[in-house]
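Going line by line, the protein sequences match chains Y and F. FYI, this note's numbering numbers position 374 of the first sequence as 374, with every residue one higher than the one before it. FYI, this note's numbering numbers position 281 of the second sequence as 281, with every residue one higher than the one before it.
Derived from the structure by calculation, the hints contain no laboratory data. Any given hint might turn out to be false.
Covered stretches of chain F (chain Y as the covering partner; in silico rule of three or more C-beta atoms under 8 Å from a C-beta of chain Y) [stated by the list, open to error]:
id, segment
1, 44-51
2, 217-226
3, 315-328
4, 422-428
5, 575-586
Each computed EDC-like pair below joins lysine to aspartate or glutamate, with the alpha-carbon atoms no more than 16 Å apart [as the list claims (entries may be wrong)]:
id, chain 1, residue 1, chain 2, residue 2
6, Y, Lys203, F, Glu199
7, Y, Lys498, Y, Glu482
8, F, Lys203, Y, Glu199
9, Y, Lys275, Y, Asp251
10, Y, Lys54, Y, Glu99
11, F, Lys592, Y, Asp103
12, Y, Lys599, F, Glu99
13, Y, Lys592, F, Asp103
14, F, Lys599, Y, Glu327
15, F, Lys547, F, Asp575
16, Y, Lys459, Y, Asp575
17, Y, Lys592, F, Glu99
18, Y, Lys203, Y, Glu222
19, F, Lys592, Y, Asp516
20, Y, Lys172, Y, Asp216
Since we're looking at a predicted model, the values are computed, not measured. The beta-carbon is built from N, C-alpha and C at its ideal position, and this holds for glycine as well.
There are 2 protein chains.
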Amino acid sequence: MIETKEASVETLAGIANQLRIHSINATTAAGSGHPTSSMSAADIVAALFFGHMKYYPNDPKNYNNDRFILSKGHAAPVLYAAWAENGLIPVNELVRLRELTSDLEGHPTPRLPFVDVSTGSLGQGLSVGVGMALSARLDNLDFRTYVLLGDGECAEGSVWEAAGLAGIYSLKNLVAIVDVNRLGQSQATAYGHDLKAYENKFKAFGWRTEVIDGHDMEEILEVLAAVGLGEQPLAIIAKTYKGAGVSFLQDKDGWHGKALSKDEAARAIAELQPKATSGIGVHVEPPSNLPAPNTAAPASYPPINYSMGQMVATREAFGNALARIGEADQRVVSLDGDTKNSTFSERFLKKFPARFVECFIAEQNMVGVGVGLGTRGKVPFASTFATFFTRAHDQVRMAGHSQANIKLVGSHVGVSIGEDGGSQMGLEDIAMFRAVIGSTVLYPSDAVCAEKLVDHMVKTRGVMFLRTSRPKTPVIYKNDEEFPVGGAKIVRQSASDKITVVGAGVTLFEALKAADALAGEGINITVIDAYSIKPLGKDVIKAAAAKTNNLILTVEDHYPEGGLGDTVAGELAPDGVRVHKLAVFDLPRSGKPEELLAKYNIDSAAIVRKVKSLV
Amino acid sequence: MIETKEASVETLAGIANQLRIHSINATTAAGSGHPTSSMSAADIVAALFFGHMKYYPNDPKNYNNDRFILSKGHAAPVLYAAWAENGLIPVNELVRLRELTSDLEGHPTPRLPFVDVSTGSLGQGLSVGVGMALSARLDNLDFRTYVLLGDGECAEGSVWEAAGLAGIYSLKNLVAIVDVNRLGQSQATAYGHDLKAYENKFKAFGWRTEVIDGHDMEEILEVLAAVGLGEQPLAIIAKTYKGAGVSFLQDKDGWHGKALSKDEAARAIAELQPKATSGIGVHVEPPSNLPAPNTAAPASYPPINYSMGQMVATREAFGNALARIGEADQRVVSLDGDTKNSTFSERFLKKFPARFVECFIAEQNMVGVGVGLGTRGKVPFASTFATFFTRAHDQVRMAGHSQANIKLVGSHVGVSIGEDGGSQMGLEDIAMFRAVIGSTVLYPSDAVCAEKLVDHMVKTRGVMFLRTSRPKTPVIYKNDEEFPVGGAKIVRQSASDKITVVGAGVTLFEALKAADALAGEGINITVIDAYSIKPLGKDVIKAAAAKTNNLILTVEDHYPEGGLGDTVAGELAPDGVRVHKLAVFDLPRSGKPEELLAKYNIDSAAIVRKVKSLV
């Protein structure tokens, strides 16, 4: 049974051909792009946008709208064509595809109002869809989330992380559609048109499945009409042809990512035009009118209450902060990769189980789910060991491109974790997170600073990383101390200082110990807490350095590349400030934390030695 | 039917208990570690090491030995115990677990002769196993590869990337054993003891499966005896209990990653001791004695032949180099993520199809497979778009910890790729690869340099990254020019230079254009090609800068964090050299390459402007 819609099967099939024509015209005008990958998906997209999904075409951000994610982002032209044919953007804009001054980019980005997340790095859309589907559940909204995947991208493990979690949580409001067009970029996919191979996988991961002819409009609509049956998410495996609808393109090798010449385009369009119909004026079913979720930040958060000298690990302070903030701010959601007892996010779970998402050991999906939640007004905090975020580097990178709102908290940084050994030590996380466009990188040394930085993270939109440490460290700041992002704290300074030592996290305390030892030998030093790495508290550091003969020593529990030292050097190098660094230069190993700080030359003794060699 | 072995079922069950006792003793001595995760796997490990695998216990590197990978690396104590009970390491060494001066680290590393790769970041072992299994096929060796996984880590998508490829290539010499002990770090896994859930997944990915009781020695041996049947890899899904064998530990929450107190250990061992048997003296079946593969580098490689001014993209030069080297050096294997027509690795495929591994769109697995091939004497070159290596950051990180021999080649870097847009641009790859322990990062500007650097990569062991560019650039070096790693080339210099401009890749040519333009205005500049980023050609740059009033401008098609500019600043900052940088500071977008170089201020005009503002 087909749902009652104003567009007939014939109209929808005609719209699909119109989308194909636009896809060809746009890519030919651009001289590059992916017309044939757009064409295989055209019937599915036409059915979704003009015959099935419920949304306001002129209000793409409406919170009741069904969501659509083009995971196979290279098929951008067919997406743009759909939003032109439903009237949101002018049809004549489509040929400005890929131009510098057009937001119709090579792959979709949220510069466009109808795009929630950047896609184009394959295999990421389903995770975002899981996040959206979870948000609907949290907010009691009835919209559905549709994710269109290519068959080639189903080789990405991230797809199966997402599929796994959707199956585990029975996300029946989530629909994956796999456009099985058989041909990858450089050759046929491993499974070709063996639809059963995809079906078996989704089934094994707990999904309901349907196999269809992706070019049979009646079949597409029939399956879509049955969305929502059962208790599990639905995977529609669609047999399609790359370049479908044009005789000399359909199912042919050598046409991936290739625009047609003007002549070829004319020949192709001559085949399609007689069967094409405009979508303009076709009725699109509006969504429900359910109450909007509260996405406003509260006026304030509860205060904190630590005692000076109290021993608290910053990872624990993070857990405390999340639990403290959670009551006042219902937007906060916590995501875990089965490390909640180490990261202390379990403190949030205990108080707010409904807003805690156990993602199991699948960091890529955890980040993608967080990005999806962020698009729906939530403030997601995803936490695990810092080094395991390397697993999700591409998802974090794409979060940057999406200008997403997601908070990532990485614990167990550096050799100071001790006995577990190198595989568990975050020693590259600063480098990784700094090199994400638009990111903020924060690194507290004590519990007060950690809590205040979490307050900032929840209040401020963006991709933000908080680096927390395993060892307990003393509280050194008063509860009312403020930690502006882009600032730094001078924690020790005298008029006779010979050098400015910049630390953060555990190395701040090593620097303070070194300051005591050096003072005993008549050498005074300035010590700075660089809790804000990106943006760096450059002005504070520069001013302090100016008073110590422009001589700086940075000390970090991180590799020397791209971390605190490089940051300070990079920011101050234009001024000719002399920046030396201590960092973990050698392959780390197991041992006691204090043994390792010594072995890798980032403990107080190493600082003393280095300072003496410099002043 | 059980294969004829000297150890009886009872003996093997007793050895398993001995491994449990060692695991408890070692972790209690260390005061940390994972005894219960070791205990669930003890029967499987005892069966493999003393009743099934063929290997020389005193020659763990023998190329005919069956391979064993402990993907669930936190169960290290049971692995160390097995190699103590088979006589390789003294039993009394086991209690030195996790000590600074012992190589028995918290998670296995190749500091130990019987460990091929570091594990401990979960979900990576199966990819390495795929690489080993492929190497056996290439070398006509009959060893088998056994990978022991935890159930929790099967949530990692990388497991399914590896499982997918093993299924596609029918690696019947590969065996995965999943230790389904039901309990993760912080809670039960999603599937608990639903063994069918795991079985269905492996089946869907093309594996033969067996479900067993992982504590029934007879059943374990029976299934192992049937390894090698059929044409597909075998997954053994073993129902086990965390802490198996000790009443107060078995299947109990709260014991993950926790050492027993001395009293608890004594109680546990009292339960185990009566059923424990030493493995010392138990016969282990030796492997075949097949001819060793040739793992020696050839004396030389064929020469190159470019013409000055010839327009060749460095990505194409990489493809040429690989194809040139492949004949002389049979160790070279090329791995692709369905981008071979863009990275030009297809040139190798055309000549040496047997040594080309299409990994499809699954970069994590591609890197893991490469690491596995590298452990077997191959020289693997894995190539894709540079930015897609972010997907495999954790695998690359662990390759660093493994001190692996793997070559990674990333094309399509920077905004100079143009219209495809931000998601396809490598703008963080230098930062990522620099922060890998022991890595080498190379960035050629012309075809001659690219080819020579590939020669270096194939000849020299280590984790190495080559950054290649999409646009064609002119050949500027003679065919006999040498490019030592850690060097840099002065491509323009005069006695009256006011500033040293350091570029690499496309920005080198922008710097040369800027030099021409500035010379026309009477401003001479030094231009340096920083083809070796890590190690940096520091001495060359420093000497040149000394002649230009210690003033440097770096220009890079990369984000400003952790790239060329930070590298130069970090290396020269101790000397107070003033380093300014041009880089891609803003969120990139689609457009023509030359438009984007201009928009993001890294083209010749931007260099001219910046130089004028500085001199």
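Each hint, compared with the structure:
1. Given a C-beta distance limit of less than 8 Å, the hint that chain Y covers the segment 44-51 of chain F is violated, as 0 residues qualify and 3 are needed.
2. Requiring three or more residues with a Cβ within less than 8 Å of a Cβ of chain Y, the coverage given for the segment 217-226 of chain F is violated, as only 0 such residues are present.
3. Counting residues of the segment 315-328 of chain F whose beta carbon lies closer than 8 Å to any beta carbon of chain Y gives 0, which falls below the threshold of three, so the coverage claim is violated.
4. Here the segment 422-428 of chain F counts 5 residues with a CB under 8 Å from a CB of chain Y, which clears the bar of 3, and the coverage holds.
5. With 8 residues having a beta carbon nearer than 8 Å to a beta carbon of chain Y, the segment 575-586 of chain F meets the requirement of three or more and the stated coverage holds.
6. At most 16 Å may separate the alpha-carbon atoms for a hinted pair to count; Lys203 of chain Y and Glu199 of chain F meet this at roughly 12 Å.
7. Distance hint between Lys498 of chain Y and Glu482 of chain Y is unfulfilled; the C-alpha atoms sit about 28 Å from each other, more than 16 Å.
8. The straight-line distance between the Cα atoms of Lys203 of chain F and Glu199 of chain Y is roughly 12 Å, inside the 16 Å bound, and the hint therefore holds.
9. Note on Lys275 of chain Y and Asp251 of chain Y: the hinted pairing is violated, with a Cα-Cα distance of about 20 Å set against a maximum of 16 Å.
10. Between Lys54 of chain Y and Glu99 of chain Y, the direct Cα distance comes to roughly 31 Å. Violation of the 16 Å bound is thereby established for this hinted pair.
11. Taking the CA atoms of Lys592 of chain F and Asp103 of chain Y, the gap is near 14 Å; set against the 16 Å cutoff, the hint holds.
12. Straight-line distance between C-alpha atoms of Lys599 of chain Y and Glu99 of chain F comes to about 13 Å, which keeps the hinted pair within the 16 Å bound.
13. A distance of roughly 14 Å separates the Cα atoms of Lys592 of chain Y and Asp103 of chain F; the hinted pair therefore holds under the 16 Å criterion.
14. With a C-alpha separation of about 45 Å, the suggested pair Lys599 of chain F and Glu327 of chain Y falls outside the 16 Å cut-off, and the hint is violated.
15. Proximity of Lys547 of chain F to Asp575 of chain F is assessed by CA-CA distance (about 14 Å); at most 16 Å being required, the pair is judged to hold.
16. Pair hint Lys459 of chain Y plus Asp575 of chain Y does not hold up; C-alpha atoms about 34 Å apart against a cutoff of 16 Å.
17. With a CA separation close to 7 Å, the supplied pair Lys592 of chain Y and Glu99 of chain F stays within the 16 Å bound.
18. The suggested pairing of Lys203 of chain Y with Glu222 of chain Y is violated, with an alpha-carbon distance near 20 Å, which exceeds 16 Å.
19. For a cut-off of 16 Å, the pair hint linking Lys592 of chain F to Asp516 of chain Y is broken: about 57 Å separates their Cα positions.
20. Distance check on the hinted pair: Lys172 of chain Y and Asp216 of chain Y sit about 24 Å apart at the alpha-carbon level, beyond 16 Å; violated.
When the structure is compared with the earlier hints, violations turn up for hints 1, 2, 3, 7, 9, 10, 14, 16, 18, 19 and 20 and for no others.
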